[in-house]
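A.B. asks: Starting from the known structure of chain A, arrange chain B on it as the hints suggest.
Protein sequence lines correspond, in order, to chains A and B.
For the first sequence, the positions run 2 to 262 when the numbering used here is used.
For the second sequence, the positions run 2 to 338 when the numbering used here is used.
Just so you know, the hints here were simulated from the structure itself, not pulled from any lab data.
Where hints are given, some of them may not hold.
[Unchecked claim] Between beta-carbon pairs, the in silico distance windows are: (1) Trp128/A / Asn174/B: 28 to 38 Å; (2) Arg129/A / Phe308/B: 52 to 62 Å; (3) Pro27/B / Ala197/A: 29 to 39 Å; (4) Phe27/A / Gln148/B: 36 to 46 Å; (5) Leu77/A / Arg125/B: 42 to 52 Å.
As the structure is a computational prediction, the values presented were derived from the model and not from experiment.
Beta carbons: idealized from backbone N, C-alpha and C, even for Gly.
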Amino acid sequence: MSVAPATPPRTEPEVVLSARALRRDFGGFTAVNNVDLDVRHAHIHALIGPNGAGKTTVFNLLTKFLQPTSGTVTLLGEDITRTDPARVARMGLVRSFQISAVFPHLTVLDNVRVALQRPQGLATQFWRPLTSLNALNAKAAELLESVGLGADLATVAADLSYGRKRVLEIATTLALEPKVLLLDEPMAGMGQEDVAVIADLIREVARSRAVLMVEHNLSVVADLCDEVTVLQRGEILAAGDYATVSRNPQVREAYMGTEHD
Amino acid sequence: MTDLSDLSRPAAKPARVPRAGGAVAPAQLAVIVAGVGLLCIAPFLLYPVFLMKLLCFALFASAFNLLLGYTGLLSFGHAAFFGGAAYFTAHSVKVWGLPPELGVLVGVVGAAVLGLIMGAVAIRRQGIYFAMITLALSQMFFFFCLQAPFTHGEDGIQGVPRGHLLGFISLENSLNMYYFVLVMFVVGVFCGWRIVNSPFGNILKSIRENEARAISLGYSVQRYKLAAFVMSAALAGLAGSLKALVFQFATLTDVAWQMSGEVILMTLLGGIGTLLGPIIGGGLVVSLQNYLATSDVPVNILTGAIFMVCVLVFRRGIVGEIYASRIGRALGITHRH
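Here chain A stands alone, though its shape is the one from the complex (with noise of 0.2 Å):
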């Protein structure tokens, strides 16, 4: 009976990620306190806010590192309050850490191989050999080549630069092919150069997933951002677009100064 309409209705990209009435109390303080957050699919979203405006304990509700005290998360459709952490990954919720996630002792090949072992189905054979995983080699190669870290397979992570673990930290990540990406960070303590690279890897990653990545690098949040949602003592200040939201007086007074335009 439905005819079809002559041209598809312009729709908001779907919502992949979203939050309610987030609160997170600690003791008697409130770390967090009604964050509502929609992260669509194919936009890079950023939680900015002045130091200890909550925007790691944000990160940590949302992937289930810390539950939250009351509100909601919903991920892909299904509710995901009270799920485990490393199930909420499993269904395409991976993040990073402020401090450098990588595997250090491992080789970058290694550090990649680990990611894929699960999906990959190859976790949890304890009888089989080490060389059974030679089978995700080609995969992980490839996966570090896309990235530009195809000349380092053999170098321990330990000893890559601070911008290359970053990055292969995104490659790691990226292994799980997931539907929505946290990046706790990803540019602090970078030079210019690593943090040009970072955000061409971030809008190239986000061409076909959700990504929400807290940045105090503001001109980084203007140039690379599709949506800003501000924190001020574990509160929405504002959220919109960059150009709305650094107009915003309150965000202007709490955050940015005057210097930025």
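C.D. replies: Structure of chain B alone, referenced to chain A:
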């Protein structure tokens, strides 16, 4: 993460699992072949019961190392698996009349079940709390063994028959018994080595390297730790079962907390996170105890002193230090770190 699993880390780092493929270096292989060869002719040169004791403890230490060295979990309750398996085997062979191979199986399965129960409780905590919970649970098991009728309290289970292996090889013959223990020892150590150098072992390693990252990659780390705990308990049980058959008794000594401490000493002394370390460490401690048993030197003071020297001077343990030394590098068995 500031916990006791860190204790294993600095020492174990340089002496980690060799190379990416998990292959054994030629020099290492030579040592293994020579060692097994030596063990094959050893009963003609040395007292077999002493050698069997040595093998049992070396296997026990290897099982313990699987947990401490490769998973970073310091259990202070491994005596429960070692001694528990000894009771299970002794009882099943003596009272139920099972053949020795089934008796050993009962011991191993019993230890694994015990490991599953203890592990499920302990694994929820980390570091010192983990160690304390395992200690508390093993003490509970100790008192169970003290009170339960089948263990005969202070007397233990005495006069356990060794029986006939597969129905026709008499284990009352100490050479037969020795080779049975040797085969089980090799199988047990191989199992431990295979577990460490397997896809599963690779995940264990990554969990020890960066647990939060492993979680964020979708690994339910608690399950991996529990699995490693159960495997370690089962192998410790194999060692305990064999010991019960060798000495033909099972007593409270094997479930007492001192035994849990002793296995830590053996593993540390030999080298955490190395294949050969715990074997050497176990052999050394047992030899020392045997040698000093007839002299006036108090064994405990001496082993205590050795423990201190080990922790202060060579934290990697004997084998770990060799690996890290110039000799190790020359032989190609240095470890990446």
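A.B. asks: Taking the hints in turn, state whether each one holds.
C.D. replies: Taking the hints in turn, this is what the structure says about them:
no. : hint                            : verdict
1   : Trp128/A / Asn174/B: 28 to 38 Å : holds, 33 Å
2   : Arg129/A / Phe308/B: 52 to 62 Å : violated, 37 Å
3   : Pro27/B / Ala197/A: 29 to 39 Å  : violated, 47 Å
4   : Phe27/A / Gln148/B: 36 to 46 Å  : holds, 45 Å
5   : Leu77/A / Arg125/B: 42 to 52 Å  : violated, 29 Å
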